[in-house]
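K.L.:
Using the working numbering, read the sequence shown as starting at 96 and increasing by one per residue.
Derived from the structure by calculation, the hints contain no laboratory data. Incorrect hints may have been included.
Claimed, not checked - Listed below are the simulated SDA-like cross-link pairs for lysine to any residue, each with C-alpha atoms no more than 20 Å apart in a straight line:
no. : residue 1 : residue 2
1   : K144      : R110
2   : K123      : H219
3   : K233      : R194
4   : K237      : F174
5   : K123      : K210
6   : K210      : F236
7   : K178      : D211
8   : K232      : R179
9   : K144      : F174
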Amino acid sequence: MRIIELDKDGLILYRSSIMEMLKENTYKFHYPDLEPDQAYIERRFESLKEHIDRDNTFFIAGIDQENLCGFIWVYYMDFMESKRMIINSFFVNQDYRSRGLGQELMAYAETKAIKDGCKSIGTHYASFNDQAGNFYKKYGFKESRVEVVKKLL
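The whole structure should be built from the sequences, with the hints applied where relevant.
P.N.:
In structure tokens form, the structure reads like this:
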């Protein structure tokens, strides 16, 4: 297993796998009550390609025998008086879960954040996703805010 940062060419090379993973992550682990919208996933992928050219967005991939097995998509932002890494999306393929890939991706991201002067890492996950919550807590994340949503229609 290799952990690498993908540039725009790498994103294009793994486009199909990235799109499938974004779709599963979005509609299974965040919004299972919504019907999958392929156009939305394509817009997310195009947004990733646009942002990857900036100096603040990174797509860190787990590659096994040239197959994309998981990723962590992160970016930097100013938070209060310091720099923070934000985890935009984090996904590990079913076949690679509970084998340490998530920990390797997180360790790579954390090392990068420290090296680049970040004081914290932030993210969010769906309240029903206990597996994600347990992973983040195990990795030292603490709850700091709660998002609430009221559906209108």
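K.L.:
Work down the list of hints and note, for each, if the structure agrees.
P.N.:
Hint check results:
{"no.": "1", "hint": "K144 / R110", "result": "holds, 10 Å"}
{"no.": "2", "hint": "K123 / H219", "result": "holds, 15 Å"}
{"no.": "3", "hint": "K233 / R194", "result": "holds, 15 Å"}
{"no.": "4", "hint": "K237 / F174", "result": "holds, 17 Å"}
{"no.": "5", "hint": "K123 / K210", "result": "violated, 33 Å"}
{"no.": "6", "hint": "K210 / F236", "result": "holds, 19 Å"}
{"no.": "7", "hint": "K178 / D211", "result": "holds, 9 Å"}
{"no.": "8", "hint": "K232 / R179", "result": "holds, 18 Å"}
{"no.": "9", "hint": "K144 / F174", "result": "violated, 24 Å"}
When each numbered hint is compared with the structure, violations occur for hints 5, 9.
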